[in-house]
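As they're listed, the protein sequences go chains A and B.
Each residue of the first sequence is one higher than the one before, starting from 6 at the first, in the numbering used here.
Each residue of the second sequence is one higher than the one before, starting from 6 at the first, in the numbering used here.
Don't read these hints as lab results, they were simulated from the structure.
Treat the hints with caution; some may be incorrect.
A pair holds if it fits inside one copy or across any two, identical chains being indistinguishable in the list.
[To be verified] Derived lysine-lysine pairs resembling DSS-like cross-links, with alpha carbons at most 27 Å apart:
(1) 322 to 263
(2) 120 to 188
(3) 120 to 322
Number of protein chains: 2
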Amino acid sequence: MTDLPSHVEIHEEGPREGFQIEPGPIPTANKIRLIEALADTGLHHIQACSFVNTRLVPGWADAEAVVEGFKAKPGVHYTGLFFNGNGLDRALAFKDKLTINGSISLTASEGFTRKNLNRAPQENIDAMKKHSALQESKGVAVTRIGVMAAFGCNYQGDIAPAQVISTLEDGLAIAAEAGATIKLFSLADTMGWATPMRIERVINEVRNRWPDMTIALHLHDTRGLAVANAHAALKLGVTQFDSTVGGLGGCPFAGQPKAAGNICTEELVMLCEEMGIDTGIDLDALIEVGRLAEEIVGHQLPSELIHAGSLDAFRRKAA
Amino acid sequence: MTDLPSHVEIHEEGPREGFQIEPGPIPTANKIRLIEALADTGLHHIQACSFVNTRLVPGWADAEAVVEGFKAKPGVHYTGLFFNGNGLDRALAFKDKLTINGSISLTASEGFTRKNLNRAPQENIDAMKKHSALQESKGVAVTRIGVMAAFGCNYQGDIAPAQVISTLEDGLAIAAEAGATIKLFSLADTMGWATPMRIERVINEVRNRWPDMTIALHLHDTRGLAVANAHAALKLGVTQFDSTVGGLGGCPFAGQPKAAGNICTEELVMLCEEMGIDTGIDLDALIEVGRLAEEIVGHQLPSELIHAGSLDAFRRKAA
Numbered sequence: 006m007t008d009l010p011s012h013v014e015i016h017e018e019g020p021r022e023g024f025q026i027e028p029g030p031i032p033t034a035n036k037i038r039l040i041e042a043l044a045d046t047g048l049h050h051i052q053a054c055s056f057v058n059t060r061l062v063p064g065w066a067d068a069e070a071v072v073e074g075f076k077a078k079p080g081v082h083y084t085g086l087f088f089n090g091n092g093l094d095r096a097l098a099f100k101d102k103l104t105i106n107g108s109i110s111l112t113a114s115e116g117f118t119r120k121n122l123n124r125a126p127q128e129n130i131d132a133m134k135k136h137s138a139l140q141e142s143k144g145v146a147v148t149r150i151g152v153m154a155a156f157g158c159n160y161q162g163d164i165a166p167a168q169v170i171s172t173l174e175d176g177l178a179i180a181a182e183a184g185a186t187i188k189l190f191s192l193a194d195t196m197g198w199a200t201p202m203r204i205e206r207v208i209n210e211v212r213n214r215w216p217d218m219t220i221a222l223h224l225h226d227t228r229g230l231a232v233a234n235a236h237a238a239l240k241l242g243v244t245q246f247d248s249t250v251g252g253l254g255g256c257p258f259a260g261q262p263k264a265a266g267n268i269c270t271e272e273l274v275m276l277c278e279e280m281g282i283d284t285g286i287d288l289d290a291l292i293e294v295g296r297l298a299e300e301i302v303g304h305q306l307p308s309e310l311i312h313a314g315s316l317d318a319f320r321r322k323a324a
Numbered sequence: 006m007t008d009l010p011s012h013v014e015i016h017e018e019g020p021r022e023g024f025q026i027e028p029g030p031i032p033t034a035n036k037i038r039l040i041e042a043l044a045d046t047g048l049h050h051i052q053a054c055s056f057v058n059t060r061l062v063p064g065w066a067d068a069e070a071v072v073e074g075f076k077a078k079p080g081v082h083y084t085g086l087f088f089n090g091n092g093l094d095r096a097l098a099f100k101d102k103l104t105i106n107g108s109i110s111l112t113a114s115e116g117f118t119r120k121n122l123n124r125a126p127q128e129n130i131d132a133m134k135k136h137s138a139l140q141e142s143k144g145v146a147v148t149r150i151g152v153m154a155a156f157g158c159n160y161q162g163d164i165a166p167a168q169v170i171s172t173l174e175d176g177l178a179i180a181a182e183a184g185a186t187i188k189l190f191s192l193a194d195t196m197g198w199a200t201p202m203r204i205e206r207v208i209n210e211v212r213n214r215w216p217d218m219t220i221a222l223h224l225h226d227t228r229g230l231a232v233a234n235a236h237a238a239l240k241l242g243v244t245q246f247d248s249t250v251g252g253l254g255g256c257p258f259a260g261q262p263k264a265a266g267n268i269c270t271e272e273l274v275m276l277c278e279e280m281g282i283d284t285g286i287d288l289d290a291l292i293e294v295g296r297l298a299e300e301i302v303g304h305q306l307p308s309e310l311i312h313a314g315s316l317d318a319f320r321r322k323a324a
């Protein structure tokens, strides 16, 4: 009936997602402090920064300073997000410190592609062809297809699973043209439209089509269902999730400044641990980092768990 | 594999849970405004107030004024919480306006009974025997057994399902002695220890023992898992839930002032509606009431959905 994994790999994106959306500039030293604290919890994948246009995303004007500044922990993969050749070059300048994976980024919603990227779907495909060729030409293997708005879209409404399939087919065609071998599909619930039933439907359809592909989920808690969605995915054997400590992030697309961000790493870890699924992460240490994140941004974060404390902490007290 | 109900009955407890915990006094007129707005969403069960010791819970010193003040909507059941004879008498003064159901309230955790009620378990059972006889003697049929801390306890740690069973057996013995017929077991996750697996285990064990009893769940979102827990319960066919609009409430037992309250009514309604389960509630109207609740308490409430807006609202815009 269920297909629970024994281990789940969590990719922490709190620094990148969280600090791009905060209104005030976060001091570089605090970004470094958070990244280093995260690495001490047992997390093995941390997205440390975003190499984006600093005019459009001033919160990441210090990307280079952050990467230079943090002390890398052996065994931890640090990444930086990039969308174009300029961002890739900035990341490659740190190729000894960062793990640099090539990616094809598509959107299952035409409405979102037009409104968010200001591109027609075909223009976006053409851009991704160029970007894929560029990545491969610089020795960065393109191994991942990311699909945004895979479960629904504020601009377009419901997204049919067939649309996700066809978007992945577009991605595979782009990869083939670039001579790339895709190893992972990352499905993003960019605007918080997923429900457990929708998660099941989309994952089952993608698996029917590509039984051997690894599927990762990037969930947002925009409407409070992220943990329920993760639970549904875990029961289907999904083994890789993106998340943010404290629920850092917010959703710029929901059109509501108070809208929640990504699924909280610590709530995801708690769910896994209570289900007997190993994450390699020390939950109590992670909760402390969530509290640090709250201190750094200077306002309450969406995570409930950092305010309540872990079950294990109470178990120890009660014993 | 699943046993989804076609309809779910939601008992709104936002006014009662929410206003007892807010630090500032909430004006009586605002409590009335919220209760009346809730009744206009299609909710059929609203806990309007708490007839508790006004010295201990000053936030409910105006219980009588609130019940006198709101305009009752036909078809809606309004209730007031009471724990003792004095509270019952205060409720009975409004027997034409309030629905008054008798209840036996027990706790699956000895630690919680001692720390929260300052009673040994047997003392609590004796108190409930007296309270049951009193309710029946006043013509209030005792039809419900409530079990607090049914999924775990901050003072005692994990609670075995067998402990829930034996607590329910205690309750049934109390009921039998009072000549009462129990129709409902209400299992409360008072301190946010439930996980989907624990929900499944406890409900299955209770059902194995009492296959025909209706089970209601009172979930708290203390650690962010409430919606996932509700989803697990819905898949088992549970048809009755308590919840609070906006996630009003907070958890005084978690020892953290920022800890979350009950499961949000609007997130529960969204989950049901997206699963094709009827609640009779207008979600967009309810979201507006959640925003009103936030305005009334003067700070951000835990509900994510009231900040993001419903999927249907975006579907209409996109169409």
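**Q.** residue 120 and residue 188: within-copy, between-copy, both or neither at 27 Å Cα
**A.** Answer is neither: 29 Å inside a copy and 54 Å across each miss the 27 Å cutoff.
Q | Intra- versus inter-subunit Cα pairing at 27 Å for residue 322 with residue 263 | A | Cα proximity of residue 322 and residue 263: across copies only (20 Å, versus 35 Å in one copy).
Q: Indicate which option fits the pair residue 120, residue 322 if close means a Cα-Cα distance not exceeding 27 Å: within, between, both or neither.
A: between (52 Å within a copy, 14 Å between copies)
Taken one by one, the earlier hints fail for this structure only at number 2.
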